[in-house]
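Peer 1: Given only the sequences and the hints, what does the whole structure look like? Please build it.
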Amino acid sequence: MRRLLNRVHWPLWVVLVLIALALILPAILPWTYDQIDWEAVRAPAFSGSHIFGTDEIGRDRLARLAAGTQVTLMVAIAAALVSLVVGIAWGATAGWVGGKVDEAMMRFVDALYALPFMFIVILLMVIFGRSILLVFIGIGLVEWLTMARVVRGQVMALKQRPFILAAEAAGTPPRTIILKHVLPNIAGVALAYLMLTVPQVVMVESFLSFLGLGVQEPLTSLGILVKEGADDMDMTPLGLLLPGGLLVIILVCLTIEGERLRDIFS
Amino acid sequence: MLALVARRLMTAIPTLLAIILASFFLMRLAPGGPFDGERPLPPETQAALQTAYGLDKPLWEQAWIYISRLVQGDFGPSLVYRDFTVSELVAQGLPISLTLGGLAIVLALVIGISAGLSAAVRAGKAADKTIMMLATVATALPTFVTGPALALLFGLWLGLLPVSGTGDGWSWLIMPVVALALPVSGAIAKLTRAGLATVLKQDHIRTARARGLPETKILFKHGLRPALVPVASYLGPAAAGLLTGAVVVETVFGLPGLGRYFVQGALNRDYPLVLGVVTLYAALIILFNLFADLIYGWLDPRMRDG
Numbered sequence: 001m002r003r004l005l006n007r008v009h010w011p012l013w014v015v016l017v018l019i020a021l022a023l024i025l026p027a028i029l030p031w032t033y034d035q036i037d038w039e040a041v042r043a044p045a046f047s048g049s050h051i052f053g054t055d056e057i058g059r060d061r062l063a064r065l066a067a068g069t070q071v072t073l074m075v076a077i078a079a080a081l082v083s084l085v086v087g088i089a090w091g092a093t094a095g096w097v098g099g100k101v102d103e104a105m106m107r108f109v110d111a112l113y114a115l116p117f118m119f120i121v122i123l124l125m126v127i128f129g130r131s132i133l134l135v136f137i138g139i140g141l142v143e144w145l146t147m148a149r150v151v152r153g154q155v156m157a158l159k160q161r162p163f164i165l166a167a168e169a170a171g172t173p174p175r176t177i178i179l180k181h182v183l184p185n186i187a188g189v190a191l192a193y194l195m196l197t198v199p200q201v202v203m204v205e206s207f208l209s210f211l212g213l214g215v216q217e218p219l220t221s222l223g224i225l226v227k228e229g230a231d232d233m234d235m236t237p238l239g240l241l242l243p244g245g246l247l248v249i250i251l252v253c254l255t256i257e258g259e260r261l262r263d264i265f266s
Numbered sequence: 001m002l003a004l005v006a007r008r009l010m011t012a013i014p015t016l017l018a019i020i021l022a023s024f025f026l027m028r029l030a031p032g033g034p035f036d037g038e039r040p041l042p043p044e045t046q047a048a049l050q051t052a053y054g055l056d057k058p059l060w061e062q063a064w065i066y067i068s069r070l071v072q073g074d075f076g077p078s079l080v081y082r083d084f085t086v087s088e089l090v091a092q093g094l095p096i097s098l099t100l101g102g103l104a105i106v107l108a109l110v111i112g113i114s115a116g117l118s119a120a121v122r123a124g125k126a127a128d129k130t131i132m133m134l135a136t137v138a139t140a141l142p143t144f145v146t147g148p149a150l151a152l153l154f155g156l157w158l159g160l161l162p163v164s165g166t167g168d169g170w171s172w173l174i175m176p177v178v179a180l181a182l183p184v185s186g187a188i189a190k191l192t193r194a195g196l197a198t199v200l201k202q203d204h205i206r207t208a209r210a211r212g213l214p215e216t217k218i219l220f221k222h223g224l225r226p227a228l229v230p231v232a233s234y235l236g237p238a239a240a241g242l243l244t245g246a247v248v249v250e251t252v253f254g255l256p257g258l259g260r261y262f263v264q265g266a267l268n269r270d271y272p273l274v275l276g277v278v279t280l281y282a283a284l285i286i287l288f289n290l291f292a293d294l295i296y297g298w299l300d301p302r303m304r305d306g
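Residue numbers (the numbering used here), protein chains in the order written: chain A, 1 to 266; chain B, 1 to 306.
No lab work stands behind these hints: they were computed from the structure. Incorrect hints may appear among the rest.
To be verified - Cβ-to-Cβ under 8 Å is the rule here; a few derived chain A residues that face chain B:
(1) L81
(2) M125
(3) P199
(4) M203
(5) F207
(6) L213
(7) D234
(8) M235
(9) L238
(10) V248
(11) E259
As the list claims (entries may be wrong) - Some, not all, of what chain B presents toward chain A, calculated at C-beta under 8 Å:
(12) L29
(13) L141
(14) F144
(15) T244
(16) V274
(17) L290
(18) L294
For clarity, every value in this text was computed on a predicted model and none was experimentally measured. Backbone N, C-alpha and C fix where the C-beta goes; we use that ideal spot for every residue, glycine too.
Peer 2: And the structure:
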């Protein structure tokens, strides 16, 4: 645990502080994210109880930012976990079984890689309607490809290591070998790629929400806030700059941290 | 080289067909249709509309009709833009999207390769670290943030560039192209830097140095070409990324390109329009991958038979 904490670098601290703020702020702010203050429409920053002012229909900006960050990160983490589970299961099976099965499984991954997946997600949205559940299932199901490739490579390398061969020779059932010996050894790399998947998913979710195909009103997300800000930027630039800046900070920090972890573990 | 092209084309056609069929059936599985308005239409009107657009025939027959018309360049009528065929909309949008994407990839290559190159020759120094940090930041810049931010800064505040639409001249292209190119250029910079770092340690470079060749010649003639192989293999995914980015950029800057029709079609369940655009996107990506393979073969002669 100590070792893990020492590996936490400033970008991750920034994200953790932002998450904490997003969780705490809604509880202590006098306004909720969908509450309209009729007295203060498009209020400037630091007016009354609105620290960052209000938007074009009088909703508190800070409360909306906190709620949007919550939704965006929740979708991202949920979808990244889906991709982690699917990716590890697929990659570990392919790497462990090897041979024809491996080839077929990885061909499938290659084929999916070649597809313009954003359009597939949009197609799914069009077909099954727009719901937050579908947003993250759709994203999680296409973001597992890299994880599967990486895990497969790791498992194939591990399979040749003496301690695995010894376990096999001792008659340990494959299930136990995989759970007890293989998975713990790929945890680090998987964590690094999980960290890199989160910003990818944040990007996809915000992209969909920005186009009106993702999270739907009254729920909000950073993508929706950027969209609202962009529509109203000639009146109140703050509406664009705050969620846009926040989104970029989260994306940059997660990418830097993920790349650092990846370089450490591989 | 010709064999490679032929083989790639042989696999491209079935792939394209599979994508068309898959998206065709997916669209038809969708609950709700384009004629579901606020008020339900009388059943006779609904039946008449279904017959007029051929939606009452069996699915396989519809698919067959669709594909046989597609081969002749007929994407069918748009269900939402009632006065236009999808082919007309696409013919209008494609040049704009191609211009945007083409200029963006050229800009990204120029910025990315020169940034990667200048970082690699200063390996380990502060300039190297700064450039690489900037590249990381660039890859994390979503077009739907940079687009509006650029429009705010250069369009509204400084008043230098048009905020929306395709005005006279070419100044309307600047901001969309820059917003599109930024993340791709970051990725290319990283790949170039990593590729050069590996290549510059190899024997043929040491030999060139030992023979006293000027450093610039070593870098450009012997170093850069093999170092760009990873960049070439990134071009395929980059094209897919640019097409996706173009959807946002066209929406943000109000450009009537393919991407905007795609979003409009998706929001309004305009099946023929969405299908047509997806088919075109798939064809473009397949074509671009082929092009990337050719560049790959040019950079690395060993790949030519592959």
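Peer 1: Holds or violated: the hint that L29 (chain B) contacts chain A, with Cβ atoms closer than 8 Å.
Peer 2: OK, holds: L29 (chain B) within 8 Å of chain A, min 6 Å.
Peer 1: Hold the hint about M203 (chain A) up to the distance rule: shortest CB distance to chain B must be less than 8 Å.
Peer 2: With a minimum Cβ separation of about 5 Å from chain B (threshold 8 Å), the hint on M203 (chain A) holds.
Peer 1: Let's test the interface hint: is any C-beta of chain B closer than 8 Å to that of D234 (chain A)?
Peer 2: OK, holds: D234 (chain A) within 8 Å of chain B, min 6 Å.
Peer 1: Holds or violated: the hint that L141 (chain B) contacts chain A, with Cβ atoms closer than 8 Å.
Peer 2: 6 Å, holds
Peer 1: Does P199 (chain A) pass the interface check with chain B, least Cβ-Cβ distance below 8 Å?
Peer 2: 6 Å, holds
Peer 1: Could you check if M125 (chain A) really has its C-beta closer than 8 Å to a C-beta on chain B?
Peer 2: Since chain B brings a Cβ to about 7 Å from M125 (chain A), closer than 8 Å, the hint holds.
Peer 1: Take the shortest C-beta to C-beta distance between L290 (chain B) and chain A; is it under 8 Å?
Peer 2: Check failed: Cβ of L290 (chain B) comes no nearer than 12 Å to chain A, outside 8 Å.
Peer 1: When the nearest CB of chain B is found for L238 (chain A), is that gap smaller than 8 Å?
Peer 2: L238 (chain A) check fails; min Cβ-Cβ to chain B is 11 Å, beyond 8 Å.
Peer 1: Interface hint check: V248 (chain A), Cβ to nearest Cβ on chain B, cutoff 8 Å. Holds or violated?
Peer 2: V248 (chain A) check passes; min Cβ-Cβ to chain B is 6 Å, inside 8 Å.
Peer 1: Holds or violated: is there a CB of chain A closer than 8 Å to the CB of V274 (chain B)?
Peer 2: 7 Å, holds
Peer 1: Quick check on the hint: M235 (chain A) CB to chain B CB, less than 8 Å?
Peer 2: 10 Å, violated
Peer 1: Holds or violated: is the Cβ of L294 (chain B) closer than 8 Å to a Cβ in chain A?
Peer 2: 17 Å, violated
Hint compliance for this structure: hints 1, 8, 9, 17, 18 are broken, all remaining hints hold.
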